[in-house]
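Undergrad: Residues per chain are reported as follows:
There are 2 protein chains.
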Amino acid sequence: MKATIVTIGDEILIGQILDTNSRYISRALNANGITVCERTSIGDDRTQIIETLDRALAESQVVIITGGLGPTKDDITKHTLCDYFGSTLRYDEVEAEHIRKMLEARNIAFNELNRGQAMVPESCTVLHNSHGTAPGMWFEQGGSVVISLPGVPFEMQNLIDDEVMPRLRERFTLREIVHRTMITFGIAESILAERIASWEEALPDYIRLAYLPAPNMVRLRLSAYEVEGKEVCREIDALFDSLRTIIPDNIAGFEDASVEELVHNTLIERGKTLAVAESCTGGVIASKFTAQAGASAYLLCGVVAYSNEAKSKILGVKMSDITQYGAVSEQVAMAMAQGAKDISGSDFAISTTGIAGPTGGSEAKPVGTVWIGIATSNHCFAVRKNCGTDRSQIIARATAYAIAMLHEELNR
Amino acid sequence: MKATIVTIGDEILIGQILDTNSRYISRALNANGITVCERTSIGDDRTQIIETLDRALAESQVVIITGGLGPTKDDITKHTLCDYFGSTLRYDEVEAEHIRKMLEARNIAFNELNRGQAMVPESCTVLHNSHGTAPGMWFEQGGSVVISLPGVPFEMQNLIDDEVMPRLRERFTLREIVHRTMITFGIAESILAERIASWEEALPDYIRLAYLPAPNMVRLRLSAYEVEGKEVCREIDALFDSLRTIIPDNIAGFEDASVEELVHNTLIERGKTLAVAESCTGGVIASKFTAQAGASAYLLCGVVAYSNEAKSKILGVKMSDITQYGAVSEQVAMAMAQGAKDISGSDFAISTTGIAGPTGGSEAKPVGTVWIGIATSNHCFAVRKNCGTDRSQIIARATAYAIAMLHEELNR
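From first to last, the protein sequence lines stand for chains A and B. Plus 184 on top of the position in the first sequence (first one is 1) and you've got this note's numbering. Plus 184 on top of the position in the second sequence (first one is 1) and you've got this note's numbering.
No lab work stands behind these hints, which were simulated from the structure alone. Heads up, some of the hints might be wrong.
No copy labels: a pair is met if it fits in one copy or bridges any two.
[What the hints assert, rightly or not] Listed below are the simulated DMTMM-like cross-link pairs for lysine to aspartate or glutamate, each with C-alpha atoms no more than 20 Å apart in a straight line:
| hint | residue 1 | residue 2 |
| --- | --- | --- |
| 1 | 549 | 531 |
| 2 | 549 | 592 |
| 3 | 497 | 267 |
| 4 | 414 | 360 |
| 5 | 285 | 373 |
| 6 | 257 | 385 |
| 7 | 257 | 384 |
| 8 | 456 | 279 |
| 9 | 497 | 453 |
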């Protein structure tokens with residue numbers, strides 16, 4: 185079963201917003217055994233919408249469209265779909281009442297544009313959007329399904345979870361897709377590939393291998409599409425077992441989780457706590473943990489000690505150390521980690537201090553230089569990493585390194 | 185001048201990674217007067233790559249492809265392009281030497297797979313990737329250009345900035361694209377659209393209007409493609425001027441900046457400082473500021489006070505207030521903001537405390553309840569916001585509300 189995802193909006197094409205909807209929908213479809221063969225972003229343009237729909241329906245049985253359903257003139261998806269399916273618009277009293285109530289709660293009067301939002305094509309099944317004013321739409325044509333959803337991420341997400349997926353599972357007989365990922369560390373991608381070449385060579389043709397490199401690790405993903413789930417899971421387990429004999433010292437885990445998820449799970453399992461002291465990463469490390477439900481069980485505090493005063497006053501870093509070694513130094517990274525551990529009483533603490541640029545670099549400490557500190561009940565140390573040249577890249581890499589180092593420390 | 189962006193990789197289609205490359209490339213092309221008419225993500229599949237290229241070349245003079253250039257077997261972009269353009273691979277000594285040096289620095293031996301990375305199609309111009317081991321490639325065909333870049337974001341970004349854009353500007357005569365954005369607040373999208381309907385009606389057909397709603401504000405973007413930049417800029421200024429007479433009390437600014445960028449600029453201009461105390465937003469607010477170069481001029485510190493102990497010990501929130509009113513309360517939000525202001529000596533402080541879920545809600549304080557506090561030298565107050573139902577949505581909305589409130593406070 186194949187699917188195409190189409191996201192509509194000039195704001196995507198000019199790069200004003202990041203298209204996160206496609207990923208959410210991809211994941212949901214994949215988890216339900218539907219293979220996404222293409223994701224396309226196009227503008228709010230009638231001709232382009234029609235041509236893209238024609239093409240999508242030629243190869244996919246499921247087409248999911250987001251965006252272009254707002255009340256204003258630049259949003260043309262609904263009218264275009266209505267014409268495409270040869271339908272006419274009708275006024276939906278239920279949707280109108282829902283929109284009226286949503287606006288009332290915000291003290292906004294229901295006007296002609298909102299009336300337009302309650303108009304839906306005769307031929308579609310209305311997907312009720314309890315979190316917003318633009319209803320979703322479900323069209324059927326020649327055995328295929330076209331689903332149109334609002335572009336606002338949380339409205340789209342709720343519609344996918346509550347309306348679209350249950351209906352797709354009912355409408356089609358879906359076969360499973362299995363992805364399993366092994367996490368390797370301490371071995372470069374090209375060396376890893378060389379070492380496991382004959383194992384890779386011998387993979388059956390319905391199982392695909394992908395290499396996913398990240399700082400300090402390479403993930404190996406085995407994927408099987410439209411299969412008997414249980415059979416292929418056993419087969420993949422066996423394949424990973426044989427891989428274990430080839431690279432016994434380089435396997436960190438088997439989950440399809442991000443490193444922060446692995447750390448999150450480990451800390452909760454062991455009942456250990458964490459504190460974070462960030463300078464150059466500026467809150468990103470803390471946010472990676474707090475993004476996960478249940479982080480309050482272990483994350484005692486985070487300190488974004490951007491100024492020297494904050495490093496000293498909140499974390500207890502000695503001003504003399506900052507003066508002598510510089511704010512970006514092994515000593516200060518260690519003192520920050522130790523300070524965060526001490527003020528919070530946590531079991532583990534991590535810290536970052538570095539030069540995110542574009543200014544502030546020197547020959548000895550160029551932009552991208554980051555010291556990452558770790559403090560535990562046993563020891564306190566810091567490691568210097570070169571995290572690149574671009575500010576956002578430096579922040580992202582320093583974050584990834586710090587979390588990977590904590591992961592390693594937890595699995596020592 | 186039209187462009188199509190193609191990102192290749194099964195990891196995008198299954199939703200394992202978020203495609204940020206497309207946005208980066210979109211912005212760069214736009215800034216140089218090239219209109220992106222479509223962005224497509226496809227799998228590591230030879231047939232699909234060829235079909236997508238055929239289609240892209242039928243409508244675009246510039247096609248930019250990322251991904252699929254790694255050393256391993258799942259990466260097939262280079263061989264597919266080589267065949268597509270009827271070329272053969274040659275060994276590039278310069279690239280080989282560069283790869284060898286990059287590996288040497290990481291203590292990795294140059295192997296057969298790395299040798300493969302130094303093979304490039306005869307017919308392409310090699311785009312040197314100084315930050316990675318996979319070179320970029322520039323193909324010419326029938327007046328169009330096809331550019332293939334590695335998928336690793338910072339390698340791709342550097343190639344776009346240093347190689348692709350300068351060459352595109354030299355290769356084509358580019359006309360300007362102008363986007364200008366007005367920020368409105370205190371007026372709902374549908375009401376705004378109603379009020380400015382006749383103004384919108386009268387827009388010339390080469391200027392497009394888009395409504396971009398966000399928490400507490402709606403952006404109005406006027407876009408003109410392939411125009412004489414100076415002329416149309418004057419015209420857009422005049423259009424915005426006339427809009428000012430229609431909604432005089434709802435205009436926050438004219439920049440095409442995010443609210444955090446506006447706050448960032450204002451604080452730097454006025455020489456004022458900021459401290460952040462976050463509970464439910466867990467570091468995201470701090471990270472929005474520290475993502476911007478120069479944030480160290482005003483951001484004194486951030487505290488992620490996730491536990492009650494951290495709220496009390498670091499920020500000086502009274503434990504009795506937490507017990508009496510709850511951690512998610514007006515009193516605690518105010519005390520957190522005041523505490524952050526006091527410990528850092530900043531001019532402004534913002535705080536968040538809320539229930540990000542999925543657990544922890546009650547009837548009186550359901551999941552999504554967030555108190556946002558602001559402390560200045562004049563006053564300290566907190567506002568309750570309902571930020572939705574989903575954890576990531578709650579964090580994102582609370583962040584947006586908090587920064588928008590600070591923006592309003594700065595423009596009071």
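Undergrad: State for each hint whether it applies.
TA: These are the hints, each one checked on the structure:
no.: 1; hint: 549 - 531; in the structure: neither (31 Å within a copy, 31 Å between copies)
no.: 2; hint: 549 - 592; in the structure: neither (26 Å within a copy, 39 Å between copies)
no.: 3; hint: 497 - 267; in the structure: neither (65 Å within a copy, 63 Å between copies)
no.: 4; hint: 414 - 360; in the structure: within (9 Å within a copy, 56 Å between copies)
no.: 5; hint: 285 - 373; in the structure: between (56 Å within a copy, 16 Å between copies)
no.: 6; hint: 257 - 385; in the structure: between (55 Å within a copy, 10 Å between copies)
no.: 7; hint: 257 - 384; in the structure: between (53 Å within a copy, 9 Å between copies)
no.: 8; hint: 456 - 279; in the structure: neither (49 Å within a copy, 48 Å between copies)
no.: 9; hint: 497 - 453; in the structure: neither (33 Å within a copy, 27 Å between copies)
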